[in-house]
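A.B. asks: What follows is the residue order along each chain.
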Amino acid sequence: MRQLGRNGVLLAPAGIWLLVMLVLPLVVVFIFSFGERGAAGGYVPALTLEQYANLPARWTAFKNTLILAPLGTVAALLIAYPLAYYLAVRCSPKWRTTLLILVIVPFWTSILIRSYAWIFILGGRGIPALLAMVGIDDVRLINTPFAVLVGIVYGYLPLMVFPIFVSLDKLDKRLLEASSDLGSTPLRTFWQVTLPLSVPGVATGCMLVFILLMGEFLIPAILGGGKVFFVGNALVDLFLQSRNWAFGSAVAMTLVIIMLVTVTVYMKFISRLGGQRDDISLM
Amino acid sequence: MRLYAISVYLFLYIPIGVIAVFSFNAGRHASQFMGFSTKWYGKALSNPFVMDALETSLIAAFLTACLAASLGTMAAIALQGVSGWLRTLFDALIYIAVMIPGIVIGIATLIALVTVFGWVNPMLAALWPEGAAAPQLNMGMGTLVAAHTMFTMALVIIIVRARIAGMDRSLLEASQDLFATPWGTFRQVTLPLIAPAILAGFLLSFTFSFDDFIIAFFVAGSETTLPIYIFSSIRRGVTPEINAIGTMVMAASLMLLVIAQILLRRGAAKSG
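Line order of the protein sequences matches chains A and B.
Numbering-wise, UniProt numbering puts 177 at position 177 of the first sequence, and it's gapless, one number per residue.
Numbering-wise, UniProt numbering puts 13 at position 13 of the second sequence, and it's gapless, one number per residue.
Incorrect hints may have been included.
[To be verified] Derived, one-sided and incomplete: chain A residues facing chain B with beta-carbon distance under 10 angstroms: (1) V29; (2) T97; (3) I113; (4) V139; (5) L141; (6) L175; (7) Y266; (8) F269.
[Unchecked claim] With beta-carbon atoms standing in for the labels, derived distance ranges: (9) B:A195 to A:L47: 29 to 39 angstroms; (10) B:Y13 to A:I67: 24 to 34 angstroms; (11) B:A162 to A:V263: 17 to 27 angstroms; (12) A:P13 to B:L137: 45 to 55 angstroms; (13) B:A26 to A:L187: 38 to 48 angstroms.
Hints are computed from structural coordinates only; laboratory data are not their basis.
In this text, a Cβ means the ideal position worked out from N, Cα and C, and glycines have one as well.
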């Protein structure tokens, strides 16, 4: 009993903090999503499904998010996998730690500044200017879905490489030797041994990146120039510009529900594939 | 294979390099290199808006890191001795805190606190003695630190718990067998072993709070943090001054991260 008392005292501050700053806000959003917009903005109590019925008004934002988030996840996976494979299997152990740190480091620096860097590269005097020199004129890159996709892959690549590396690194290298001793071609070894065994890492990486992409605001705001916007951008607009709290809350609730459903279905699917999620830490 | 790896590293580092190079650009126009100069660093450092934003960001990050590291460590230690519904509840809350997008946390915190303050402020005014100005609760530094602490505390709990789980139990038993009090065991055995994780959590919290844009954008009220300043400047156009600020911010975060890495690795090596 004394034990519980002491632990209770230690837990109380964190518990209260989570209650006030996490549970309360989420409950408020839930309640507000059934309300109405006040005449001057804000929220008027009500119990209506009107806001949810109104969701199609923001269909473009949901469509963009639901297309570009999975697309960005897959693109990041395709670029990250060979690198993770190289780091875990091919590269010399002497360099491995340094190269790994070099992958993680950009992730912990401001994504705002890293996305901003692409304004330079994709903007008028960057790649389009280079292309003009070799005779390809009038290429527009900035403020297109492509720019947003590049920003996404760039921003979240480290988050994809790391878990895949962890699962490939744990893989027993003797299995690969056994496979080739038994006459498999390298390609067949990869398809039948390496790839299936790295499923947990792929699953973790995809989930982490997908979750972050669903709530993305900065990258579309900076590289999409108001033309390519996500649900996150719609939320900023609804809360800060039109001050429509009730509708904004409904959009936020919908986003969270879509995320939870997708992630749950995805995890079920992955566990049926026989993999299990690896718990990884990013440090 | 190796060529591929090199090109991915180029992809990762060229944009960072471009910013760093152009921050030394002597020309006014951000996208044409006109010779070497450090004048934009001088401009940035003498811009009062930049310095105010930097100060706000540093204060918020420091307070966040202190609160997150202490509350998170306390919770992580206590959670070791807790089971049943309380533990399930905490696990669920930490999971939700990390899972919910920052933008949803930001708007949810904004509307919840504005609503609560809307009720509390008139009450405070009514309860306050006549003549004296009643205190007003507003969005600002306090709410910013509170929101950042919520998220980073969850990270600290995860990091410190992983460290405690990796600890050698026999050391604790040995300490108890040698008649150390629980407090003595904690101070002389547990704390030194988890200290690197706590410090790493502190630095991560600091970096997160310092770099965060989206939560701060909603809950900082009239305060302007450095990322908010940078974001609104980018909207007005690309300038060499922003490149200089960006380069400095990245260099500073890199330093903190290298320190955090070294600490975590040393801690892991010590207790194997």
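A.B. asks: Evaluate each hint against the coordinates.
C.D. replies: Against the structure, the hints:
| no. | hint | result |
| --- | --- | --- |
| 1 | V29 | holds (5 angstroms) |
| 2 | T97 | holds (9 angstroms) |
| 3 | I113 | holds (4 angstroms) |
| 4 | V139 | violated (16 angstroms) |
| 5 | L141 | violated (14 angstroms) |
| 6 | L175 | violated (20 angstroms) |
| 7 | Y266 | violated (13 angstroms) |
| 8 | F269 | violated (18 angstroms) |
| 9 | B:A195 to A:L47: 29 to 39 angstroms | violated (52 angstroms) |
| 10 | B:Y13 to A:I67: 24 to 34 angstroms | holds (29 angstroms) |
| 11 | B:A162 to A:V263: 17 to 27 angstroms | holds (22 angstroms) |
| 12 | A:P13 to B:L137: 45 to 55 angstroms | violated (20 angstroms) |
| 13 | B:A26 to A:L187: 38 to 48 angstroms | violated (53 angstroms) |
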